[in-house]
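Undergrad: Sequence:
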Amino acid sequence: MAAAACGFVLMDLVMLYSLVATCYGAVLTFSDLQRSLFVSTTSLQPQQALKAGEDQITVTWGMNQSFKDANDTVSSGYKTIKVKLCYAPISQVDRPWRKTVNSNLAKDKTCQYTINVSKPESTDPGNTSSTFTWTITRNVPTATYFIRAYAYDADGKEVAYGQTTNANKTTNLFHVQGISGRHTSLDIASAAFSAFSVLSLFVFFYLEKRKTKKTTQDTEQNKQAMTPELVNKW
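Okay, so the sequence shown: first residue is 1 according to this note's numbering, each after it adds one.
Incorrect hints may have been included.
[Unchecked claim] Listed next, the in silico EDC-like pairs over lysine to aspartate or glutamate satisfying Cα-Cα at most 20 Å (straight line):
| id | residue 1 | residue 2 |
| --- | --- | --- |
| 1 | K109 | D32 |
| 2 | K79 | D32 |
| 3 | K79 | E158 |
| 4 | K119 | D155 |
| 5 | K79 | D153 |
| 6 | K82 | D153 |
[To be verified] Each pair of labels, with its calculated beta carbon distance range:
| id | residue 1 | residue 2 | range |
| --- | --- | --- | --- |
| 7 | V101 | R138 | 26 to 34 Å |
| 8 | H175 | S200 | 37 to 45 Å |
| 9 | K209 | G53 | 44 to 52 Å |
| 10 | T137 | R210 | 54 to 62 Å |
| 11 | D94 | G156 | 26 to 34 Å |
| 12 | S118 | G178 | 22 to 30 Å |
| 13 | A26 | V93 | 24 to 32 Å |
| 14 | A154 | Q112 | 22 to 30 Å |
| 15 | S200 | G178 | 34 to 42 Å |
| 16 | N139 | K209 | 47 to 55 Å |
| 17 | D155 | E54 | 37 to 45 Å |
| 18 | S200 | T170 | 51 to 59 Å |
| 19 | R210 | L50 | 53 to 61 Å |
The set of hints was computed from the structure by calculation and includes no laboratory data. Ideal Cβ placement from N, Cα and C applies to all residues, glycine included.
Take these sequences, add in the hints, and give me the full structure.
TA: Laid out in structure tokens, this is it:
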């Protein structure tokens, strides 16, 4: 009887899990995606340092031809391609807000910056490719990055990806130097104000000292101009 009870409990749990999965959708993992896109960058050297708000990156994405040979129905399901800027592992250490969660893409924080959104050609999706140039925005923080592209189906669900680095995310990385929040003009103004303050303080003490000296001299002159009787009274 105990075994039968355990069996009923197990069946209830399975049914409950199925119900939750039906209502909310199954958890999408990174391993569920095919690497059927290729992504590349031009004019970037390994470990090159770029400046946020100034430098540009030229990115090209397209369909991986090794998947195209199977059939074009795979790529025809790609309705939107989003290219994203992603943190490299070295810039994720001790930073949980950048954490990679391959077991649940909804919680993954690796790729936080969408830099381009486009749609594959519906007439020949297998041969679709796109090239664009992106100016690194000023809000990108200092870190080491790579580029990844996600393909989405008509329901907005990730179905494929491609990236500029290898599976371990150790090759073709680049560094971005973020904006610290202090501008050169502000630093110059601050330095000028500090110098002016020091100079003003020096001038103030000089004038005060000169005024005191003049007062002393005037007092001595007044004494000398007085009669002996007035001096004694003084």
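Undergrad: Hints first: check each against the structure and report whether it holds.
TA: Now the hints, each set against the structure:
At most 20 Å may separate the alpha-carbon atoms for a hinted pair to count; K109 and D32 meet this at roughly 17 Å. About 18 Å separates the Cα atoms of K79 and D32, which keeps this hinted pair within 20 Å; it holds. Between K79 and E158, the direct Cα distance comes to roughly 10 Å. Compliance with the 20 Å bound is thereby established for this hinted pair. At roughly 14 Å between alpha-carbon atoms, K119 and D155 fall within 20 Å of each other, so this suggested pair holds.
Restraint check for K79 and D153: the C-alpha separation of about 5 Å stays at or below 20 Å, so the hint holds. Using a Cα cut-off of 20 Å, the hinted pair K82 and D153 holds, with the two alpha carbons roughly 11 Å apart. The hinted window of 26 to 34 Å between V101 and R138 holds, with their beta carbons roughly 28 Å apart. A C-beta distance of roughly 43 Å is found between H175 and S200, which places it inside the suggested range of 37 to 45 Å.
Judged by the Cβ atoms, the range 44 to 52 Å given for K209 and G53 holds: they are separated by roughly 50 Å. Take T137 and R210: their Cβ atoms lie about 56 Å apart, and the range 54 to 62 Å holds. For D94 and G156, the Cβ-Cβ distance of about 32 Å falls inside the hinted range of 26 to 34 Å, so the restraint holds. Taking 22 to 30 Å as the suggested C-beta distance range, the pair S118 and G178 conforms, at roughly 26 Å.
For A26 and V93, the Cβ-Cβ distance of about 31 Å falls inside the hinted range of 24 to 32 Å, so the restraint holds. In this structure the supplied range 22 to 30 Å holds for A154 paired with Q112, their Cβ-Cβ distance being about 25 Å. At about 36 Å, the beta-carbon gap between S200 and G178 stays in the expected band of 34 to 42 Å. The hint said 47 to 55 Å for the Cβ distance between N139 and K209, and at roughly 53 Å that hint holds.
In this structure, D155 and E54 meet the distance hint of 37 to 45 Å, their C-beta atoms being roughly 38 Å apart. Between S200 and T170 the beta carbons are some 56 Å apart, a value that agrees with the proposed interval 51 to 59 Å. Taken as a hint, the range 53 to 61 Å holds for the pair R210 and L50, whose Cβ atoms sit roughly 57 Å apart.
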